[in-house]
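Please arrange chain B on chain A, whose structure you already have, making use of the hints.
Sequence lines, in order, name chains A and B. Sequential numbering of the first sequence, starting at 3, is according to our numbering. Sequential numbering of the second sequence, starting at 3, is according to our numbering.
Derived by calculation from the structure, the hints in this document are not laboratory data. What you are looking at is a predicted structure, and each value in this text was computed from that prediction instead of being measured. Treat the hints loosely; a few may be bogus.
Just so you have them, the derived chain B footprint on chain A, three or more residues with Cβ under 8 Å [as the list claims (entries may be wrong)]:
no. : segment
1   : 23 to 37
2   : 68 to 78
3   : 154 to 160
4   : 256 to 267
5   : 287 to 301
The calculated label-pair distances, taken between Cβ atoms and stated as ranges, are [as the list claims (entries may be wrong)]:
no. : chain 1 : residue 1 : chain 2 : residue 2 : range
6   : B       : G70       : A       : L19       : 36 to 46 Å
7   : A       : N313      : B       : N227      : 50 to 60 Å
8   : B       : R277      : A       : C30       : 32 to 42 Å
9   : A       : Q401      : B       : N232      : 46 to 56 Å
10  : A       : D87       : B       : E229      : 47 to 57 Å
Lysine-lysine pairs mimicking PhoX-like chemistry, simulated, CA-CA at most 25 Å apart [what the hints assert, rightly or not]:
no. : chain 1 : residue 1 : chain 2 : residue 2
11  : A       : K90       : A       : K127
12  : A       : K54       : B       : K64
13  : B       : K270      : B       : K90
14  : B       : K54       : A       : K54
15  : B       : K120      : A       : K129
A virtual CB, placed ideally from N, CA and C, is assigned to each residue, including glycine.
2 protein chains.
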Amino acid sequence: MNYKEMTKKELLEELELVRQKYKEYLKCGLNLDMSRGKPSDEQLDLSNDILKIDTFKTKDGKDARNYGILDGIEEAKELFSDILDLPKENILIGGNSTLNMLYDCIARLYMFGDGENKPWHKYDKIKILCLVPGYDRHFDIMEEFGFEMININLTKDGFDIEKVRSLCKDDDSVKGIICVPVHSNPTGVCFSKKALENLASLETKAKDFKIFYDNAYAIHHIYENIEIDNIFKLCKKYDTLDRLLYFFSTSKITFAGGGISMLCGSDKTIEYTKRHLSKQTIGYDKIAQLKTVLFLKNKNNTIEHMKKHANILKPKFDIVFSKLEENFKDNAILSWENPKGGYFVSVNTEKNLAKEVVRLCKECGLILTNAGSTYPYKKDENNSNIRIAPSYPPLDELQTAMDIFCICVRLATLEKMTA
Amino acid sequence: MNYKEMTKKELLEELELVRQKYKEYLKCGLNLDMSRGKPSDEQLDLSNDILKIDTFKTKDGKDARNYGILDGIEEAKELFSDILDLPKENILIGGNSTLNMLYDCIARLYMFGDGENKPWHKYDKIKILCLVPGYDRHFDIMEEFGFEMININLTKDGFDIEKVRSLCKDDDSVKGIICVPVHSNPTGVCFSKKALENLASLETKAKDFKIFYDNAYAIHHIYENIEIDNIFKLCKKYDTLDRLLYFFSTSKITFAGGGISMLCGSDKTIEYTKRHLSKQTIGYDKIAQLKTVLFLKNKNNTIEHMKKHANILKPKFDIVFSKLEENFKDNAILSWENPKGGYFVSVNTEKNLAKEVVRLCKECGLILTNAGSTYPYKKDENNSNIRIAPSYPPLDELQTAMDIFCICVRLATLEKMTA
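The shape of chain A in the complex, shown without the other chains (with noise of 0.2 Å):
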């Protein structure tokens, strides 16, 4: 069944058949928020064993119980090091939330500078370029800095360089880029080695330009073990790596609200973070990175884990896919991209018509992200684009929860078409 090419009386036909059993989901009473990215009940007991470790000395025979180590203890940067191949030198472990980690390396730069240049506080403007669809988050906390945001189209394994290259070329205010290089946030979008050379060797009028690399998916994989180029070593080659901010976390890999996180930079870049870090705290919860460690081991044992998590997240993904294409593969009202792993599925309906589906599967209970998250100042112009976050429900939850968006697509559409 195509929509588009059924006839009027066709259309109103189906559209009397998808409200009646739209009200059949309205009488359900379901309660189920999709909104976010969490990982399942099931997911977070992997990691159980972690609450089981009691130990506190370091390796190195340190107390992890006490004050100190301001950039975390020695085996957590090597784990960090290993899973993500990045010189354990550059690398600073903070505390349970990279957004956290993020939003400070900001806030240093507004209030500070990067050590080199004036503070962004003193700018009337600073522009970043924002890959879109993404991170909801990341957007909120450039809006809070009251930054200009501008979009910046991702591509099938990238983003529109020439458009990116064009801005920074000659604007000083064009402060920053930031992007989810693996998994994206939402599109699953991976950067193919050629985005990442560009990334990496852009000339910028900017001295103190700065790219936000939340690498948060990077391991986590579902369909296809993904393996991008290695962005430190691409800097150092292209002599740009004061501009690199580097961020990760065990937040999807052990507990959602009880990883540890990572910065890593140049040496200037760790070093000038850390002596302003050492004003703001004496160090993070080390007894959180030991536990994290002894837990996680290394590179390996990390990635034996994260196929758990994929056995748990694939069948949910499996769910969401196929229902797409049972109700949409012969009719294109909707479609969707396909991520090789990450937390999202992202769907685009016709134009105009993201905002009603999500309010119409609120009305049956099932909350999803707000239409328009996905972009800056929520504002999608196309108001098309809907993030499914498949990861917490359990698998029948999801079924009919799959099963309502499907039908709240078809009637907004319908409603649309025949209006």
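Same frame as chain A, now just chain B:
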């Protein structure tokens, strides 16, 4: 023996004897860092059971492992509310460091203001009143932001209120005062009812005047249980609650590097803080919060736990005082405070000798807090205040350390007197 009553010849003879003793200590090869107020291993051991708690469900059935609960779990708010007699609705739970929380509050004022007045970075000058001698890390934060620090002398049970009054009354750039109201670092001053009333009722030109109230040692009694008046209630009485930023943590109750922190303020302050915090993080480590609550349980149990700390700390403070009395009771070349709790003993040498005493100690392998550190900009204009932190070393090492310290005070003083 009183140096001030001795003849030059006697002083020179005494100098020779003291030099001999000092040379013996030089040979000892001691290696002891008494620069920070770190709890001892024995104190940390008191809380090892916290490591064994492997629950993750909050009492209202939430999952502490997952994302969410920005302002902290209910039972953590209840615990702090119980311990400090503060309304739990006005409490926000943070990460492992009050210093970080204090820094973030100041950064927020600097970047965004307090929600009703312009950001502090828009002012040419911001002045902060600093009680002296005080906590070096407080002063470091103020210096980091380029605020002008103004020394306010501590008194026996408060501070120079007349100076504070005259500075605040007509100067809009005087934006805050920072204090440790109980067992103050380093002098041990505890604020009287009058001092607190003065603080709460202070007339300030600045509408966005803030009291940075770091109650770090609220229940950290050693010789006497001190209970001061409730600043929250006083500020409420004088309708100045919006100026209060009240900090507390369990760093020196459970683990120094792995406690949880708290901010308490007016409804408006908490609402405003949460609004900005929601951009900065998804939430702090709730596993740490839950463990802390399950371990400390309630006020009574926490007070009992603090008595165990006191039992470990008291013999150490006893050594400090007995050595000081033995050496300087009848030889007024050194004066000291008698704190009733906390982590420090504040001593004053004769003018211009503190740096030399610290240097002499260092030569013997005894690291003290740098002289000057207890003052803004590290400038003790008398060069006489030294902070002794007796908590960390074992008793026998502390004995030796105090012997060395006393010899160094004698040596430096004699060298000056005979110069």
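Hint by hint, here is what the structure shows:
| no. | hint | result |
| --- | --- | --- |
| 1 | 23 to 37 | violated (count 0) |
| 2 | 68 to 78 | holds (count 4) |
| 3 | 154 to 160 | violated (count 0) |
| 4 | 256 to 267 | holds (count 4) |
| 5 | 287 to 301 | holds (count 4) |
| 6 | B:G70 <-> A:L19: 36 to 46 Å | holds, 39 Å |
| 7 | A:N313 <-> B:N227: 50 to 60 Å | holds, 56 Å |
| 8 | B:R277 <-> A:C30: 32 to 42 Å | holds, 35 Å |
| 9 | A:Q401 <-> B:N232: 46 to 56 Å | holds, 55 Å |
| 10 | A:D87 <-> B:E229: 47 to 57 Å | holds, 56 Å |
| 11 | A:K90 <-> A:K127 | violated, 35 Å |
| 12 | A:K54 <-> B:K64 | holds, 20 Å |
| 13 | B:K270 <-> B:K90 | holds, 14 Å |
| 14 | B:K54 <-> A:K54 | holds, 6 Å |
| 15 | B:K120 <-> A:K129 | holds, 22 Å |
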